[in-house]
Amino acid sequence: MAEVRPDEISAILRKQLSGYESETDIYDVGTVLQVGDGIARVYGLSQVMMSELVEFPNDVYGMVLNLDEDSVGCVLFGESTKIKEGDTVKRTKRVASMPVGEEMLGRVITPLGLPVDGKGAINTEKFLPIERKALGVIQRQPVKEPLQTGIGAIDAMIPIGRGQRELIIGDRQTGKTAVAVDAIINQKYTHTEEAKELGIKPVYCIYVAIGQKSSTVAQVVAKLHEHGAMDYTTVIAATANEPTPLQFIAPYSGATLGEFFRDNGKHSLVVYDDLSKQAVAYRELSLLLRRPPGREAYPGDVFYLHSRLLERASKLNDDLGGGSLTALPIIETQQGDVSAYIPTNVISITDGQIYLESNLFNAGVRPAINVGISVSRVGGNAQIKAMKKVAGSLKLDLAQYRELEAFAKFGSDLDKATQKTLSKGARLVELLKQGQYAPVPIEKQVISIYLGTNGYLDNIAISDVKRFEKEVLEFFEVKNNKILGIIKKERQLSDSTIAEIRKIADEFIAVFK
Amino acid sequence: MTESKVSARYANSLLGSASDKGNLETVAKDMELVYSSIKSSGELSRTLSSPIVKAQVKTSILDEIFKKKISKETMDFLKFIVEKNRENLLESIVKKFLDLRDQKLGLVNVNVKSAVELGEDQKKKLKEKFEKLLNKIVRANFTIDPDVVGGFVAKVGDTVYDASLKNQLEILKKRFLKGGASLN
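So the sequences go chain by chain: A and B. Sequential numbering from 1 applies to the first sequence in this note's numbering. Sequential numbering from 1001 applies to the second sequence in this note's numbering.
Since the hints were derived computationally from the structure, they do not count as laboratory data. Quantities reported herein were computed from a predicted structural model and do not represent experimental measurements. Don't take each hint at face value.
[To be verified] Residues of chain A clear of chain B, computed beta-carbon distances all greater than 10 Å:
#1 T24
#2 I26
#3 E131
#4 L198
#5 S215
#6 A222
#7 K433
[Claimed, not checked] Residues from chain A shown here face chain B by an in silico Cβ test under 7 Å; the list is partial:
#8 D25
#9 Y27
#10 D28
#11 V29
Note that the Cβ used here is the ideal one computed from N, Cα and C, for glycine as well.
Next comes chain B alone, as it looks inside the complex (with noise of 0.2 Å):
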């Protein structure tokens, strides 16, 4: 619980200086590729939770893999949290961060799954619906289950829109189960 709690302190400030200075779009963008990096290799957000490691050799290592890639303002934000031993938070502080802009400038994500890959026309429409439902810009992102079995499951946040055949069969089982349906 600490761990959020702090995660969403550093991650608040960032978010504050940057808009401040008005480069927050550049540091965005850093944000993300930092984020995409921890979350691909685990070999780096091993290192960085590892107690037996150096803070300078830590600084070093974030210096050598993100120096020409970032902005200086985002490396120093990183060397600082170095700096302040929270860098085993550093994946939950950029998440948070992420969140907080998406916040900030009414972005929303949405999941959207479905059973077969929808039509270029579909992707639109669906967004299209869901910007004008939430008053929100979407950033919609599409993925293939077949467990849907057919139409979509949206996943806004916690809410989930649930237009998919499975939801629908699913509550017709339940119907037959509860004996609402006879046929005698």
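Next up, chain A with everything else stripped away, as it sits in the complex (with noise of 0.2 Å):
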């Protein structure tokens, strides 16, 4: 039997422990005067910062967000049963910060940084603070490359952009996350050799859960893993269950990741599903902080909660590396009330707002945008030329039919030219229905809103319509692929291209039934 030899031991614990020293310890302390409902208000601690993060006894973690004139208010990271009145409570001189750096891509995290996927440490090197200042102007520059979701409603009328913040809005049980998840699964594209190629620059993907199920977290996750999303995505997971402080934080943890990539010259998407869930943790902070609450029992800062948070969004210029960071907020409203305080909040923060509609969901059309009042303030300049054509017509042509609709029911006593337009606006709409995780590349996009909005739909029944469309895209990537690549490379549909679109389609239009 090998035999280990104790100064053996002793060396090796000498060699491990060598960083070890034993010097005297200065740090500031206070005491814990109050705690319960995951607040201690502390005595004490008369240097500490605002949002330091504060040490308690068994590993238990503060953030300061009260500086009274005798105490400080924190909320705790962890479980306020395991700390009691007397407690010392230990500065740590750093305020609330996270690990950032591309090891993060793949993994779910807290939003302190910590893996809860059970794949091991995160050896990352740099950290940032969570609550950083928003970019001046000077760094900035106008938005300008597009941002693809992949679907077909929003890249053609409400077109982002990268560096947008664009709000998702609506009530439970509309499609909200679909949305963002289908936006995330399509940024795939850009991490392709192909992409690189055209010039698309990868676009790193941050999905923020605060305050849902664990099980809708897992799901997701599962969905982005199946669809292989995950390689360039981070989850930031606040579940239900989660300390309410922490959920109030998350946001802000996402943005701080999605900027180290900004900041590194990359893109970044950055989805916070949802904010209202955040604005309920802050409220419940800021009541039991015996903050004083305003409408609807938020306090008076809820605002610059939210706009100091969408302010992170951003496009540097050229400068700084021309990296960008997208903010698509998540907003649950209650029976379709937009009027409510955080929403008005958001929709007057966002850059535009994707409105979803229960009714739109239930009478099948999904995603149920409601793209009457839904709208991007600075997307459009981001568009490719390509889908700024097409789109120009089919947004006119949707208008023109939500005008005529409640007419639809008066069938054949319509005059020729309402029929007209109701038969092409419900062809349309049809088109822009679209499954779930199912995003289309933007040049297939161009070439079904083309057919849509030049009559290549008239004839065909509304219910084959979903049927063509994809038909038609087969005829088109295997027997044409060449087209579809011009689109691609040359963003835009010259007359040449447009000619050959209507030739390809001809041919298809008298095979098809």
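Using the hints, put the two chains back together into the complex; each one sits in its own frame.
Written out as structure tokens, the structure is:
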């Protein structure tokens, strides 16, 4: 039997602990006056900074949110039952921060950067504070690159640019998360070699789940895995059973990680799902910290809560690498009430919104986007020319259709022109329906919208529209792959391309039945 | 919160008037006596903060306890506080006053905890070291706490200078748990 000599052991011990020095430890302390409901009031800590991390006994950490005259209000990131009155609190002398790095991709983490997916420690090198100041005017440039979501209705009519903040708003069960997840899945294309050749930079995604069920988060992660989207995505999970302070800081963590990519000249997309839950978490904390309640019992600074978060979305100027951080905040409304406090706030902060409606959803229009009231205030500049060209008439046709929609039930009593508008509109609505987890590449979107707005669908039954679209795109792909390549490369529709598309479409219609 | 503001205001004005009159030392000494009496007698502080006991009674109680032991100025101050119905804050006012006086004189309290009684020489050295470090006059209080295991823990205000064996052992434990050191 092999023997281990004691001096060998002590040598190893000495070596491993070589960094260990016995020096006087100097730290600032305070005493817990009161604890409960995830809040602790601490006496002392006279030098403590706002939003500094403080260490409680039993490895519980807290964050300072209130600096009062003779006490400090902290929120706890752990169980408050582990802390009792009179416990000593230590300063850490650093503001709440999280580890960042590319190693985070493919992982599920807590808002403080600890892994929760059971795949072991994450070895990152850099730490960044969770709350950072948004960039100023000088460092930015206008949004000009498209961020394709792969959803036809959005890419055509409510385009999103890199560096934009586009709100996704709707009642429960209207497919808000589905839109965001589809957008993440569609970024897979940007990581391919082909995209690199075309000069499309990869987009790294961050999905922040706030106050959701753990099972829902697990489902999203599984779907992302299934579609190969997890390779470039980080999921930050602050589920409903997590302490409220974690739910409150989760979006800021997401923004910090996104900013890491942005500041390195890369592009990132952060989905905050959802900010109404974060506002509720913040309301809880504020009330427990005895801040005065305002409208709907939210504290006075909920607007700032969201504006400082969303202001961090940006497109850097070329001197700083031209990176971007696109934000897709999600807000859940109650019974379609968009005039509640939080929805109006976030609507006014963002650069546009995508409205999802439950009656559209139930009528089978999925994604249930109400294109009439959805807008994108800056994305139009970022649309590729080809899409801009075809989307113009699409918007017009759909607007006319909506105007006359109420008359649709009179059927054949209507005049010819009205009937034509109605039948075209109905076909376009059908064309924009799209399955979940099935993003469509931009060049295919261009072709199907071109065909839709140029009368190619007029003689096809509404029930056949989707089948027609599928088959015609297959026809383009299999038999005439060149044309798709041209649109992708040139990003615009020249007359010759249009002629080519028409020729192929006519060819296809002749055989379609 | 309002309490501390009120006490600070009373304490400040007493400090101001005492130093104007040049009898700060006497008043401070009196206040130390008052502080220790209130601290040691729960009955006294309970009586003072009780709303049932009339102000006159409180004044006469204070009079009887402190009359021969403290100066007239201090006595007047105590009576003034009772008159203003702030006697329930007396303890915090006195405490604040002593703190403010220390601040004014550049005094600082250093509480040193050690596992065993320190020798006179050690105490003196420690005191000198802190005086040099803080650039203030140090008033050192030494206590014994076996939990420290070895070395000492000195507390100055909110800052702790921890040179105890206990802390070192805890750091060592944390390091082991972190997985930085392995025996394989």
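To see whether the hints hold, each was checked on the structure:
1. T24: violated (4 Å)
2. I26: violated (5 Å)
3. E131: holds (24 Å)
4. L198: Fine: 45 Å to the nearest Cβ keeps L198 of chain A off the interface.
5. S215: holds (31 Å)
6. A222: holds (30 Å)
7. K433: holds (53 Å)
8. D25: Status holds, d = 4 Å.
9. Y27: holds (6 Å)
10. D28: holds (5 Å)
11. V29: Since the shortest Cβ distance to chain B is 5 Å, the answer is holds.
Hint compliance for this structure: hints 1, 2 are broken, all remaining hints hold.
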